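K.L.:
Chain order of the listed sequences is A and B.
To convert a position in the first sequence, counted from 1, into the numbering used here, add 87.
To convert a position in the second sequence, counted from 1, into the numbering used here, add 2.
Because the hints were derived from the structure by calculation, they are not lab data.
Fair warning: there could be bad hints in the mix.
[Stated by the list, open to error] Derived lysine-lysine pairs resembling DSBU-like cross-links, with alpha carbons at most 35 Å apart:
hint, chain 1, residue 1, chain 2, residue 2
1, B, K209, A, K231
2, A, K128, A, K231
3, B, K122, B, K105
4, B, K209, B, K169
5, A, K231, A, K261
6, A, K261, B, K122
7, B, K209, B, K241
8, B, K241, B, K169
9, B, K241, A, K231
This one's a predicted model, so the numbers in the text were calculated from it and none came from an experiment.
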Amino acid sequence: MADVGGAIWVTVCLATITTLCLLIIATPLAWWLSRGRSLVKDIITAIVALPIVLPPTVLGFYLLVAMGPQSPLMTLLHPFGIRTLNFSFVGLVIGSIVYSLPFAVQPIRNAFEHLGRRPFDVAATLRASPLDTFFSVALPMARKGFLTAALLVFAHTVGEFGVVLMIGGAIPGKTEVVSIRIWQMVEQLDWPNAHRLAGGLMVFAFTVLLSLLIIDRRLGNPRHD
Amino acid sequence: MTDAVIDIALNGHAGGFDLNAAFIVPAQGVTAIWGASGAGKTTLLRAIAGLTRLTGHVRIGEQVWQDDREFVPVHRRRVGYVFQEASLLPHLTVRGNLDFAQKRNGGHAVETDRLIDRLKLAPLLARKVDTLSGGERQRVALARTLFSAPEILLMDEPLSSLDGEAKAEIVPMIAALSRDAALPILYVSHDAYEVERLADRVLRLAKGRIIDTPDAAFSTQLDALSPAQVRALAEAALKAGIRV
């Protein structure tokens, strides 16, 4: 039971860092996707959504290849003394970012699309530059989308199993997360501890989903007027 | 200042029909742009503001906002625009909406207290905008526009969504503003009452074109000229051998 604390700590760190990184990455992407449609945007949208339909093992396999010592990507990092990102925490973060990307992009994109043209016209006639408008109008008006994205990404990262197992290798205190710990407890027939940890995750997941519903009700739909 | 003009010529395809409108009016008082719905009034007004891009020119007094060579982006034009439906920013309070405009007005002095007083906004300042009535929203929108220190006010049927009572309250406010503020107003409407109460002159728009008898169009253009310019024109005509 001693390493359970370590697994929880790694999980929380991984979910927090992934969430912060994804909010930064997904915002410009969601903004660009929300401004009109085109074939290029449809293709990018489909690619972003791939992790929803692909088995985590497929994603994990390709990530394992991409972050392995032989990959062209890693070759670029060899001069800096980095041979591989597999079985490292950084590798885990990168994998989680890819795996949860659709859960960040979609709510933020929806929120941006929901704003319509009007607030942007209004801001322009009040002499707000496009950048100013983005920060002082679009971001605050889309705050519900950001909250939803953050909660979904955090929860989805905590719920990861296949990808982190393949590229993380379950090194205790480094890449071993709660979901993998539970699996190992069951393998070792340590059911009482598996019960405790699994129950904890149930409570966590329920809390997140309930929070989403409460946010939805409190903030309502963004209004234009 | 008295001979400054608003000189507009815009044409192009936007919003599902062709617009081809040109006019010159004095840069003072209220110029109503009147026409049935679907005549292109809103498109014309949006194009003057730069929200919709058409070809042609837009000159407001000394300012050139658009011509063959340049197109000044909307946020660099000192244009005030009052939209048809409420357009307040929902994540800000009434005060926040007014501040949003004032902060970005380029440091021009605005008689904020007087405007708040005149539009009866003092009791509303702390309110969230989604708690306001239709009439209150348009009063705030009008004040916000004026806080941005515009050189011209473009109003797109600002009262069309209001009931008679709210309308009767706001129309005199707009009339007083145009009188006192020396701010030219282009006022789009299809409501004869509003046009009659507010307009110093009326342009009629139908199917994307300014329709008027040639004489009326000519006199509108003459209105825009200074006495010296009229005399110069008359002298030139006499010299050219035109007998009146």
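K.L.:
Against this structure, judge whether each hint is valid.
P.N.:
Hints, verified against the model:
{"no.": "1", "hint": "B:K209 to A:K231", "result": "violated (42 Å)"}
{"no.": "2", "hint": "A:K128 to A:K231", "result": "holds (23 Å)"}
{"no.": "3", "hint": "B:K122 to B:K105", "result": "holds (21 Å)"}
{"no.": "4", "hint": "B:K209 to B:K169", "result": "holds (27 Å)"}
{"no.": "5", "hint": "A:K231 to A:K261", "result": "holds (33 Å)"}
{"no.": "6", "hint": "A:K261 to B:K122", "result": "violated (64 Å)"}
{"no.": "7", "hint": "B:K209 to B:K241", "result": "violated (40 Å)"}
{"no.": "8", "hint": "B:K241 to B:K169", "result": "violated (52 Å)"}
{"no.": "9", "hint": "B:K241 to A:K231", "result": "violated (72 Å)"}
When the structure is compared with the earlier hints, violations turn up for hints 1, 6, 7, 8, 9 and for no others.
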